[in-house]
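Residue numbers (this note's numbering), protein chains in the order written: chain A, 1 to 130; chain B, 1001 to 1130; chain C, 2001 to 2130; chain D, 3001 to 3130.
Calculated directly from the structure, the hints in this document are not laboratory data. Because the structure is a prediction, the values reported are computed rather than measured. Check the hints yourself; a few may be wrong.
[Stated by the list, open to error] Which residues of chain C face chain A? A few of them, derived with a C-beta cut under 7 Å, are:
id, residue
1, A2024
2, L2027
3, E2059
4, A2061
5, L2062
6, R2063
7, H2064
8, H2106
9, V2112
10, Q2114
11, T2117
[Said to hold, decoys possible] Listed next, the in silico PhoX-like pairs over lysine-lysine satisfying Cα-Cα at most 25 Å (straight line):
id, chain 1, residue 1, chain 2, residue 2
12, D, K3002, D, K3075
13, C, K2075, B, K1075
14, B, K1085, B, K1002
15, A, K85, A, K2
16, B, K1075, B, K1002
17, D, K3002, A, K75
For every residue, glycine included, the Cβ atom is placed at its ideal position computed from N, Cα and C.
Each chain is listed here by its residues.
Protein chains: 4
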Amino acid sequence: MKEHTVTTRVRYSETDQMGVVYHAYYLYYFELGRTELLRAAGFRYRDLEARGIYLVVTESALRHRAPARYDDELKILTRVTSVGKASLRFEYSVLGPEGRLLTDGHTELAMVGQDRTPVRIPAEVAAALR
Amino acid sequence: MKEHTVTTRVRYSETDQMGVVYHAYYLYYFELGRTELLRAAGFRYRDLEARGIYLVVTESALRHRAPARYDDELKILTRVTSVGKASLRFEYSVLGPEGRLLTDGHTELAMVGQDRTPVRIPAEVAAALR
Amino acid sequence: MKEHTVTTRVRYSETDQMGVVYHAYYLYYFELGRTELLRAAGFRYRDLEARGIYLVVTESALRHRAPARYDDELKILTRVTSVGKASLRFEYSVLGPEGRLLTDGHTELAMVGQDRTPVRIPAEVAAALR
Amino acid sequence: MKEHTVTTRVRYSETDQMGVVYHAYYLYYFELGRTELLRAAGFRYRDLEARGIYLVVTESALRHRAPARYDDELKILTRVTSVGKASLRFEYSVLGPEGRLLTDGHTELAMVGQDRTPVRIPAEVAAALR
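The whole structure should be built from the sequences, with the hints applied where relevant.
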């Protein structure tokens, strides 16, 4: 299964008054991981949309183990763990300074057309992600 | 010229590690004020978009005078200060607890079609906003 | 167990280019539900923080069943489903126009002090939420 | 005066249902430009905060000339245009694919202490930014 790692730096706007990253932003980091994994596999998500194919998040789960802080450089590890007919599952680990696991989780995505009905994942995409 | 006031409460996610509202969120408050002024004037912005007419922000300015804090109830005063052929200008004041002025500013908006070229403001919209 | 319902309206900034609410915003709606449930139970979360007590999200899960759209009025149903010594569990259902279930899920929260170590939930808070 | 350029890629969450970047996100891009200019000048903003010195945005202005789209690589040019006793002015240009100017603007920042009263900019910071 495909794996990919990308780094990002915590923005000031991502902190809250507890002085740590607000929990919802991990879903943005997950998306960044997923987008860059697809790019590394040879597919730009924007090109899929240009063909009328959309990936819709149908389920997410997050476990927060330790906080990220402003300006921290985060490593986002992303793995494809399931390629279905019209769905994909990604798992993520967000690591902070010194490789400490901060948050992990997964998302399920459905491939749909512009009318939001399921669409079979193109064979070349499925092959590249397996 | 039309005026309208709406209240909103600061969300936790809108604070940053300084313990106050992150400055970009005032643009969200301005939009809330603008949307509700339009609704009070008889127009839902969603209906304009359904007719293929879009309002695009072309310019904004903000002056931050005092900080808003988590859970504060804010009053957003919005005024239409100019109605052009294909443009609108709104001015905003965001007041905090005890009516203190926190941030004020303005936005210029252009009315455009789906291709982003200028579109004349419908007569009934212009009349309702003057 | 305590239940509470609050309504909110989808902001333009919460939509993405698919024309629906970006999935991460449901965590903001969940927070709104949780905050207003606490307020209805007699506790302002800001007052807890003023006493040096913080609620930290340790786990979240979301299932997206149907999309919310710009300007939709959403109903957020929130229930406390577990009150532990130093933890709380909330479950949420976000309903759209005509009461359709759009997204549901849960969050686990830990009560911690300023040093992020576990703190026992004050008896009056636990009693009010049970 | 110091100048710096940094690139960033438009996130999906930054788009709205018009299919372009929601206007408030340019303030996030401005902040990214400012943070990285400071870093290039030898100062991490996080270290200033650790010394009890904060930069607070007191004024911003944005002119939107053309839209940015999902996955576009943006170039953010940032210049320090004024270094006062307790204030700084930054000007920004956000360029899209093929170097097209999308949005420009400025921010004024005040240097303050933890109590939000003005603080003189440390001499070595002022010198590095002039």
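Are there hints from earlier that the structure breaks, and if so, what are their numbers? Numbers 8, 9, 10, 11 and 17, in rising order.
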